[in-house]
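*Asks:* In case you want the letters, here they are:
4 protein chains.
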Amino acid sequence: MSSNTAGRLFTFTTWGESHGPAIGCVIDGCPSRIPLAESDIQPWLDRRRPGRNAQVSPRREEDRVSILSGVFEGVTTGHPISLIIENTNQRSTDYQKLASIFRPGHADATYRHKYGVRDPRGGGRSSARETAGRVAAGAVAMRLLGHFEATRSVEITAGLVALGGVQADASRWDDRTIDQNPVFCPDAGAVDAMLAAVEEAKAAGDSLGGVVEVRARGVPAGLGEPVYDRLDGRIAGMFMGLNAVKGVEIGAGFAAAGLRGSENNDPMRRPESGKLGDAFQTNRAGGILAGISNGDEVVVRCAIKPTPSIGVRQKSIDVNLDDIDLDGVGGRHDPAVCIRAVPVLQAMMATIVADFFLLARTRNQPEF
Amino acid sequence: MSSNTAGRLFTFTTWGESHGPAIGCVIDGCPSRIPLAESDIQPWLDRRRPGRNAQVSPRREEDRVSILSGVFEGVTTGHPISLIIENTNQRSTDYQKLASIFRPGHADATYRHKYGVRDPRGGGRSSARETAGRVAAGAVAMRLLGHFEATRSVEITAGLVALGGVQADASRWDDRTIDQNPVFCPDAGAVDAMLAAVEEAKAAGDSLGGVVEVRARGVPAGLGEPVYDRLDGRIAGMFMGLNAVKGVEIGAGFAAAGLRGSENNDPMRRPESGKLGDAFQTNRAGGILAGISNGDEVVVRCAIKPTPSIGVRQKSIDVNLDDIDLDGVGGRHDPAVCIRAVPVLQAMMATIVADFFLLARTRNQPEF
Amino acid sequence: MSSNTAGRLFTFTTWGESHGPAIGCVIDGCPSRIPLAESDIQPWLDRRRPGRNAQVSPRREEDRVSILSGVFEGVTTGHPISLIIENTNQRSTDYQKLASIFRPGHADATYRHKYGVRDPRGGGRSSARETAGRVAAGAVAMRLLGHFEATRSVEITAGLVALGGVQADASRWDDRTIDQNPVFCPDAGAVDAMLAAVEEAKAAGDSLGGVVEVRARGVPAGLGEPVYDRLDGRIAGMFMGLNAVKGVEIGAGFAAAGLRGSENNDPMRRPESGKLGDAFQTNRAGGILAGISNGDEVVVRCAIKPTPSIGVRQKSIDVNLDDIDLDGVGGRHDPAVCIRAVPVLQAMMATIVADFFLLARTRNQPEF
Amino acid sequence: MSSNTAGRLFTFTTWGESHGPAIGCVIDGCPSRIPLAESDIQPWLDRRRPGRNAQVSPRREEDRVSILSGVFEGVTTGHPISLIIENTNQRSTDYQKLASIFRPGHADATYRHKYGVRDPRGGGRSSARETAGRVAAGAVAMRLLGHFEATRSVEITAGLVALGGVQADASRWDDRTIDQNPVFCPDAGAVDAMLAAVEEAKAAGDSLGGVVEVRARGVPAGLGEPVYDRLDGRIAGMFMGLNAVKGVEIGAGFAAAGLRGSENNDPMRRPESGKLGDAFQTNRAGGILAGISNGDEVVVRCAIKPTPSIGVRQKSIDVNLDDIDLDGVGGRHDPAVCIRAVPVLQAMMATIVADFFLLARTRNQPEF
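Residue numbers (the working numbering), protein chains in the order written: chain A, 1 to 368; chain B, 1 to 368; chain C, 1 to 368; chain D, 1 to 368.
Fair warning: there could be bad hints in the mix.
25 Å max Cα-Cα, derived SDA-like pairs, lysine to any residue [to be verified]: (1) K202/B x A255/A; (2) K275/C x Q281/D; (3) K97/A x R270/B; (4) K97/C x R270/B; (5) K97/B x V75/C; (6) K275/A x I324/B; (7) K315/C x Q281/D.
Listed below are several chain B residues computed to face chain D (Cβ distance under 7 Å; list not exhaustive) [what the hints assert, rightly or not]: (8) P31; (9) R64; (10) T88; (11) R143; (12) L195; (13) K202; (14) L321.
Footprint (simulated), chain D over chain C, 3 or more residues, beta carbon under 8 Å [what the hints assert, rightly or not]: (15) 108-116; (16) 217-231; (17) 235-245; (18) 258-270; (19) 299-308.
Rather than coming from a laboratory, the hints here were simulated on the basis of the structure.
Ideal placement from N, C-alpha and C gives every residue a C-beta, glycine not left out.
Excised from the complex, chain A in its bound form:
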């Protein structure tokens, strides 16, 4: 593990700044002979892309991915898969002003403090643009999972279940709904209120937070490496490491703190299928017991803070630590970064499952 590489066996390294010539991702550890083409990755990037609709950042990027290595005649070769996306729409004329100020809630102050230098154009390395690499890695991970018998039926989905004050009804989750609305909400009944909340916040020059839920079905029991590389630990570590995420919970999550053991334990009954995952009568565990998948659905929720870039006046300081007042942080921003976090977290989950699947193959687990 190094600072810009995620994973142990299925690893990916991202590089690039928002307004440099390109960004990219190098995937290492992907087994050979897995069919892979740019057309497997592009749709994932298209979902994440800014400029997709009125609810997200108006910056329009083609985000056209090219595979530069690791694929030959349509299949992976077992060697690093280098993916590149050119930055075609950098607009960074006025970054000099941004270079000397610290925007509240942003990376500006800490990046400057840590590195002593900072590429201020569009957030530089701290830009959400970096997440394109995560999404691309997730697309490759899905191909990997689809290739092996034990993971062929893994399905990973994600949706926005809260936005501003609007809550989706979890019981009305419908995967098909997610891509039929611009906020990736799985509950059709909540979409209009969410859209209205975004419009209202935009009009006020303000921004909204939200909650993203990720669900992974068909994850085989037995993934996770206790005690320091547990499935729940890895998910939490990766997800909390995404920009703007301030909380992660699995299964009953924070609600479990208020339950009794008799309420929180998931009762088990003999599974007709013979599969452990079908034994659980409830899923307050969120599909993970003692850091190992139990075969039930893995359910994770992330709290995402409101976009720190807002139009209203804010108190801040500059690089000399002197007071400044910010009247609207310039640039093009999402009013609610939680929306675009949906496909990113979904993709990251895929990379995690793929990595633990490979790790499980090094164990004496005959089904893998």
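With chain A's structure known, arrange chains B, C and D on it following the hints.
*Replies:* Using the frame of chain A, we list chains B, C and D on its own:
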């Protein structure tokens, strides 16, 4: 990183099962010439120990730590510090019964499924006993932090802020209170209600969940390694990987999802001290911006599920996946594992800060 | 990887100093359900043990290994295997004198310079005693290899092929001979001359270097992870990292530098067995092509310097960098450390093959 | 560490195949604020480039490096430095024939066996072209070393000291000579004979092996991380992992095996400079004691096999393991790959020293 090793530079590896001859911890990467003795570690273990009082597991362990290597004439040598704690009070006569059943909410089913074999005595490797190693590593980490100028004033504290339905009042947090009550609660006003809740749950053969808050003060700005080894990501990954933790939040956490940018951003004003950490007028960020410490207090909360071992009847299955009814899970257990999680999470935070401090020394950060 | 941990999936961490209370080894990543007992490990340690005969260090250690974790009812559990060996025969009364001087060819000067402090008793951490952990890990690795179909027929052997000026005849290598003489020489015809050389050097208060050859047969084709974790690279890195090793060569080794391509390439012919490894008509490659095992015998030779501890007078300096003359370095030492390096290198090869076998299982290699 | 990433703190990941659209290198862990431009890297690549002269492969590549990230306004930002080199001169029309045969001494058989698929164009991933990334990383490492006080005077040089049967005279080593002849020989007196040997081998359709020596001066004492990440171990692991290297020795190397302790130990005398490195009166240790640099010159030699691609007829097999006769392996090849290995090994040494320097900063070594 391997499954039983945490950290990148200041690493620790734990080994041992609940009822084996001993458990232990090997710390690697600790710089040399740091004063260290068993008496620096023992008090930390004593706080975590079962049998300390009526609120925690009645199993009584001496938990006497011995340093087997890495220290010479009172100082660290730069070589692995091997710590061992003998298991003196194993009572495992009736484990054969436990060996064939899966207790709800426990590691039984997933460990058996993954490994095909399981040491059922006292939870084996999944026992909370493993956390003694984490606590010992935390004690060493505190010595390390105390040795260097830049981290000398780091103070890490932790307390139980919710237990069952009882909430502590965060505004009444007092570090001194924490060790003056058996539930590690920082709010003296909540202690009686918490104790009553424990008694009530015990009487009912049931258990309680809770919330632990960890606070790290004096953490210098500039710790954390974006984008895949961020301070927030590492904390969440480590903390969620502790038994029974089901949620982690930093700063405003899940509440941030319901705020607007104008409410959630922390305003900054010129710090008289000249220190970045003093610029923030609020701390909804929880001391971390973009994965890097900002010099303000690092604040983390963990949701901990109720102890899965309960006395009331539960539906479960055995290793053949056949139905069984469990009438009270035997053994000696904490009615609320969240209590003993307090010193463990506190110690784990120390190891994380120490590791990121060493990582920061490899950067071009002159203050370290 | 940390400084005291070797391997990626099958990892082992050693700890302990020569004259501390014990030394040990923690093996992580070993799959579960592999039969393992102390009696599998002890014979390996016995071969390495000092005091075994007149040719090696007269220090007598029982080197009795205990398994403290990771094994339950005779099989591995998939959790860390902690091995401990107590130091029963430390004789360190006069180490104060050693503490202030730098013995030529020893770790004294660099350890002191790097760490600022040093346990001088018996070499401390730099003692050959540390290698007991490597040998124990090798014994476990052999059990692992024996457990899986693909690696069941791996045989690893090692012998001393040069000692002082005496060369063994490689064409007369006989595995059975190795344990029938005190210098682990595979050529019965060279044993007497080697023994005489040792006696002569001892009498002169001097020491001898030598060459150890390690042969691994039955290594399946396909092990190794180009381009930075190649099989040859890992072997060289591990072997050169053993005390006193100053050179490593594989197959034709340094001789290859003087050959032409037409002489050095190994011709191939259709293997009747259908196995790639049987296609090679010669083995100048030493069983490795482009960093991957080719199925032929893996052959490695290590040059080992003479024991630096000698009785003759030497010029040296002390911790203040002032001149001193050393009249015989005290303590009990091997006149030729290369002898005891034989079982150590053999064991290390086993750990490497086991680790790469597990890595190969994460690839799409159906035979594993 | 993953298969295509080298290093622990100063890491680099290479990607790309010989005849794909591009090759590249992502450097992570480089501290910020180090001046860096493409013009710092390009000269290193130019030295390694094929087509430089008659002695190396006639393939002509521009090998023009572009920095895509991690540098802003002329200094490193602390984020990944992505380097890309386009492949402008791929000539791969006839690779279909190569795809089905295994060339002796090449990666063909083992890559095919391991991965089941192989990009045969120009050697694909196993091509020497991959080493451009190593050279680029070395150039960045030199900038890093030049930036810090403790490493400012590190000088790394390398030369070809044997080619075919021709030996350079080590006592006549002159750094300036190295770039004044096409075979990077440091001994002007050996150049003509080496050139004649190359011509003769080319005329015979054959190839030559050789020995490269790398010397690192000014390496501060105290670098290296015993016992599993020693400086000598890392050098040997990295160097042996370079294509065609079959042996590595440090200092006296294989010759040490034939010496006595009294001959091999380096005597020490009080250094007037007060520097440990100046205390050694001889350097049979090659600048490394017990895995840690001792401040003296680090001296390493690598045996490099003759280029396996030759024009003379060879016995081989195809992918079906059937016999074939190869009458001259097509393509453009170096008659002696050891020549181009010179700048590659030199650059790799730079990355190793840089990485261990950063590691040493995490120790309590005040000079760093």
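*Asks:* Evaluate each hint against the coordinates.
*Replies:* Now for the hints, and whether the structure bears them out:
no.	hint	verdict
1	K202/B x A255/A	20 Å, holds
2	K275/C x Q281/D	53 Å, violated
3	K97/A x R270/B	19 Å, holds
4	K97/C x R270/B	58 Å, violated
5	K97/B x V75/C	20 Å, holds
6	K275/A x I324/B	17 Å, holds
7	K315/C x Q281/D	10 Å, holds
8	P31	4 Å, holds
9	R64	29 Å, violated
10	T88	32 Å, violated
11	R143	12 Å, violated
12	L195	45 Å, violated
13	K202	47 Å, violated
14	L321	37 Å, violated
15	108-116	holds (count 7)
16	217-231	holds (count 9)
17	235-245	holds (count 9)
18	258-270	holds (count 13)
19	299-308	holds (count 6)
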